[in-house]
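**Q** Below, each chain spelled out in residue letters.
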Amino acid sequence: MTTVDDRPASPPAEAPRRRPNPALALLRNSWRQLTSMRTALILLFLLAVAAIPGSVLPQRGVNPENVDRYFVEHPELAPQLDRIGAFEVFGSVWFSAIYLLLFTSLVGCILPRMREHVRALRARPPAAPKRMDRLPQHTVLESPGAADPQAIAAVLRRRRWRVQVRGNEVSAEKGYLKETGNLLFHTSLVAVLIGVALGSWYGWHGNRLLVTGADNAFCNTRQQYAEAKLGPRVDSADLPSFCLTLDRFDARFLPTGLPESYRATVTVDRPDGSDRRTADFSVNSPLRLGSANVYLLGHGYAPILKYTDRYGRSQTSAVPFLTSGDANLTSEGVAAFPDANVDPATGRRDANQQVAFEGLYLPTAPDTAPFASSRFPEERNPAVVLAAYRGNLGLDAGIPGSVYQLDQRQVTNGKLKQVGNKKLAPGETWTLDDGSKLEFLGTKRYITLSVRHDPGEKLMLGACVVLLVGLMGSLFGRRRRVWFRVTPPDSGSPTGGSSLVSAGGLPRTDHPGFAEEFASLVAAVRDDGRPDRWAREGVE
Amino acid sequence: MSAVSDQLVTFAILVYLVAMISHAVEYALGNVRAVSARVAPARELVGAGVGGGGVDKVDAATTPPTSAPPSARPSRSAGRARLAGRIAAGLTVLAAALHLGALVTRGIAADRMPWGNMYEFVLTVTWIGTAAWLVVLWKRPALRQLGLFLTLVMVLLLAFAELKLYVPVVPLMPALQSYWFIIHVSTIVFSSGIFLLGVVPAVSFLLRNGYEQGRRSFPYTLARRLPGAADLERLTFALHAFAFPIFTFAVIAGAIWAEAAWGRAWGWDPKETWAFISWVVYAGYLHARATPSVRRNVATWIAVLGFLTVLMNLFGVNFFFTGLHSYAGVE
Ligand code: HEM
Chain D
1 MTTVDDRPAS PPAEAPRRRP NPALALLRNS WRQLTSMRTA LILLFLLAVA AIPGSVLPQR
61 GVNPENVDRY FVEHPELAPQ LDRIGAFEVF GSVWFSAIYL LLFTSLVGCI LPRMREHVRA
121 LRARPPAAPK RMDRLPQHTV LESPGAADPQ AIAAVLRRRR WRVQVRGNEV SAEKGYLKET
181 GNLLFHTSLV AVLIGVALGS WYGWHGNRLL VTGADNAFCN TRQQYAEAKL GPRVDSADLP
241 SFCLTLDRFD ARFLPTGLPE SYRATVTVDR PDGSDRRTAD FSVNSPLRLG SANVYLLGHG
301 YAPILKYTDR YGRSQTSAVP FLTSGDANLT SEGVAAFPDA NVDPATGRRD ANQQVAFEGL
361 YLPTAPDTAP FASSRFPEER NPAVVLAAYR GNLGLDAGIP GSVYQLDQRQ VTNGKLKQVG
421 NKKLAPGETW TLDDGSKLEF LGTKRYITLS VRHDPGEKLM LGACVVLLVG LMGSLFGRRR
481 RVWFRVTPPD SGSPTGGSSL VSAGGLPRTD HPGFAEEFAS LVAAVRDDGR PDRWAREGVE
Chain E
1 MSAVSDQLVT FAILVYLVAM ISHAVEYALG NVRAVSARVA PARELVGAGV GGGGVDKVDA
61 ATTPPTSAPP SARPSRSAGR ARLAGRIAAG LTVLAAALHL GALVTRGIAA DRMPWGNMYE
121 FVLTVTWIGT AAWLVVLWKR PALRQLGLFL TLVMVLLLAF AELKLYVPVV PLMPALQSYW
181 FIIHVSTIVF SSGIFLLGVV PAVSFLLRNG YEQGRRSFPY TLARRLPGAA DLERLTFALH
241 AFAFPIFTFA VIAGAIWAEA AWGRAWGWDP KETWAFISWV VYAGYLHARA TPSVRRNVAT
301 WIAVLGFLTV LMNLFGVNFF FTGLHSYAGV E
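Going line by line, the protein sequences match chains D and E.
Oh and the first sequence: position 31 is 31 in UniProt numbering, straight run, nothing missing.
Oh and the second sequence: position 331 is 331 in UniProt numbering, straight run, nothing missing.
None of these hints come from the bench; they were simulated from the model.
Take the hints with a grain of salt, since some may be wrong.
Below, in silico cross-link-like pairs of lysine to aspartate or glutamate (DMTMM-like), each with a Cα-Cα straight-line distance of 20 Å or less [to be verified]: (1) E:K139 x D:E517; (2) D:K423 x D:E379; (3) D:K423 x D:E439; (4) D:K306 x D:D339; (5) D:K444 x D:E332; (6) D:K306 x D:D434; (7) E:K139 x D:D510; (8) E:K139 x D:E516; (9) D:K130 x D:E169.
In this text the structure is predicted, and so the values were computed from the model without any measurement.
Let the sequences and hints guide you as you build the complete structure.
**A** And the structure:
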């Protein structure tokens with residue numbers, strides 16, 4: 001593990017020629033502070049702490065319903081929390097401030113290190129220290145005849161050391177990968193952030209529900225989504241044009257009721273009907289259209305209800321009933337007939353004669369009452385349990401309401417009255433008090449899907465690969481240096497006419513295996529193809 | 001098969017428990033010796049030769065410098081201590097084998113990898129921890145004393161899993177049927193296991209470091225016979241440096257899987273948020289360790305904190321929050 005003091009000290013060596021401008025000095029000091037390791041550490045810690053509320057409090061981006069519920073449950077606290085962005089932690093000013101500072105610090109940290117590293121990569125391994133025996137690893141070899149620095153260099157090169165021969169000295173260094181990896185790692189963090197930014201500026205997504213059948217097809221325009229979000233750099237007109245029709249949806253369940261597999265079959269075409277093709281997709285294998293991806297998020301049933309009003313005119317609707325997390329798909333919904341009971345004689349629509357049915361759909365109803373929840377997610381004994389309402393549905397008031405719920409205000413203020421309730425199996429007909437009829441014809445399947453385009457994804461994926469490679473290089477790379485110095489035979493020496501080769505090694509990062517590596521390197525130099533050349537290993 | 005697995009888990013817990021007791025016995029006998037050695041410093045009759053051959057490097061490393069060489073009388077208890085330690089290690093191997101058997105039979109019963117719910121998840125994470133511990137023990141027998149803490153952790157986690165998290169075998173739901181699931185979960189499990197193991201030397205280091213700095217109050221005295229602080233610290237780092245890239249990979253694999261399953265790579269679901277927190281905390285640990293001005297025990301505290309966030313993700317998130325990762329099988 002390198003320590004930071006491994007980095008060359010930044011230029012205090014330069015003589016202070018001019019009196020520094022105090023403002024500049026302050027700036028430079030703050031910059032130095034910001035790009036210090038300690039600051040990075042503190043910012044990392046702050047980032048972790050700042051993320052905690054994002055998991056404790058409900059988040060709008062994750063499930064807005066829970067945020068609404070929180071507002072109801074904590075009417076005092078919630079608005080306060082909302083003001084400081086606690087329901088959108090990851091987009092809040094303070095969270096952004098922390099990571100932007102961190103990344104500024106990061107850039108300020110890696111740029112000088114990069115410059116330094118490029119210099120180190122081009123520099124030659126430094127000259128040997130005078131006294132090898134001061135190094136953590138050192139030894140002396142004794143050789144008969146002249147030892148050749150070039151031969152030693154060749155051995156080292158073969159072992160992929162970077163080598164420099166200076167006269168009778170060989171310097172070698174290895175493990176530049178560590179710093180390379182470290183820089184790659186930190187740079188790819190920046191690339192990941194850029195990918196995130198690209199995705200949020202140029203990406204878009206929309207969610208909606210799609211019922212089977214050609215008459216329910218939808219085309220990729222903003223209006224056709226129940227909920228859509230376009231990045232600030234995306235215009236509605238930029239959405240690629242295609243239409244989807246859900247041909248069929250298959251879900252298989254285990255006897256226990258747990259889902260086993262899902263498959264949605266769709267027809268994809270252009271608005272003008274060209275380029276038609278069918279495709280399957282599922283959870284875990286989205287439909288990839290090139291310009292967007294379509295994800296299967298959920299599924300359910302849409303009961304087909306045929307209402308015949310008191311004038312004998314009938315309308316049919318297949319309204320999706322929504323599930324609220326029940327594994328057996330107990331679903332709730334409302335079928336509204338605002339145009340019911342238009343007097344054929346006058347053609348006048350009476351806003352107080354509108355009709356709606358609200359209630360449950362149970363794919364597998366229990367055999368006996370209460371008919372409150374389904375017993376199995378598949379349709380084994382399907383039934384609707386509906387309450388009929390007549391009166392003013394409140395649709396004309398101009399207040400947007402949910403199509404999946406009755407406007408309860410109309411019920412409480414008496415403008416909408418309940419006129420009976422009933423359980424219907426497919427094919428059964430219910431005759432209401434005014435002679436009108438409701439027939440339950442069966443169901444259609446529906447799916448909920450999300451259509452998305454994220455242009456930052458490829459960059460993020462690529463950056464993640466580099467990040468991992470760099471991280472491994474950084475964590476497991478080890479920088480180390482070795483030196484060999486050949487001392488030519490000296491007639492007066494006690495060894496009598498053989499060269500002495502002194503060797504030394506310095507691990508520049510924590511490296512428990514360095515002693516063995518050094519020993520094997522020395523052995524390789526000693527045994528280098530000339531078994532008799534190096535007589536015996538010198539004493540340490 | 002599923003019943004076999006359940007029984008094997010029970011047996012494994014029992015064997016871990018006995019291993020823990022053996023470690024405790026070794027520890028206690030060791031303390032007796034250390035204490036009696038200190039009260040009878042003059043009796044240096046037999047010398048260290050009795051202490052046994054090269055097997056017991058532990059003693060040299062762990063006997064605090066203040067205490068005199070072992071004397072004759074307690075050396076018998078030193079021998080017993082060593083025996084207890086060996087029994088403990090052997091029992092840990094046996095427990096690991098039973099534990100593995102439980103995982104395999106569970107996997108066969110479910111006809112998939114045994115990582116489908118929190119019960120299986122904890123079962124696997126703890127096994128990885130034990131297996132990695134055995135590797136460490138093999139390479140560095142001198143660290144055997146740490147086994148006491150390790151087996152304690154295993155007993156607690158496994159008993160908790162069996163009592164609180166148990167669910168019958170069920171197949172995977174469609175959202176989990178993806179090879180990215182296997183890659184994601186196996187690497188999460190693996191790295192969590194190594195982080196779990198990493199906590200043992202980390203806490204031991206904190207205790208031992210305090211002890212070596214002369215603290216003699218309660219928790220530090222536990223560290224009297226532990227290996228040297230520097231060794232513990234190095235092991236702590238090695239384990240974390242090994243686990244961190246795997247954890248990073250696991251998080252990335254999870255994002256790839258989430259993209260395919262839910263249409264977004266990252267959505268700040270509580271599980272994802274806590275994985276992010278763990279990742280940032282561990283990155284902080286690696287930074288702190290690389291910064292000379294940060295003391296090693298501060299860095300190690302960060303590693304311990306990191307593991308608390310991992311635990312939070314394993315248990316806390318499943319219990320306290322609801323999210324898309326709602327497959328834990330806990331009501
Ligand atoms: C975005 C936030 C950051 C993350 C997630 C991060 C993560 C990491 C990780 C995981 C390592 C370990 C790799 C290793 O030990 O070699 C590391 C090392 C390092 N980081 Fe960062 N880092 C971040 C920001 C920074 C910043 C702002 C600086 C500059 C002040 C910095 C400087 C360093 C240095 C010098 C090392 C090398 C330590 C060594 O030599 O071992 N990092 N970083």
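**Q** So, for every hint listed, does it hold in this structure?
**A** Hints versus structure:
| no. | hint | verdict |
| --- | --- | --- |
| 1 | E:K139 x D:E517 | holds (19 Å) |
| 2 | D:K423 x D:E379 | holds (16 Å) |
| 3 | D:K423 x D:E439 | holds (11 Å) |
| 4 | D:K306 x D:D339 | holds (13 Å) |
| 5 | D:K444 x D:E332 | holds (15 Å) |
| 6 | D:K306 x D:D434 | holds (16 Å) |
| 7 | E:K139 x D:D510 | holds (19 Å) |
| 8 | E:K139 x D:E516 | holds (16 Å) |
| 9 | D:K130 x D:E169 | holds (11 Å) |
The structure shown violates none of the earlier numbered hints.
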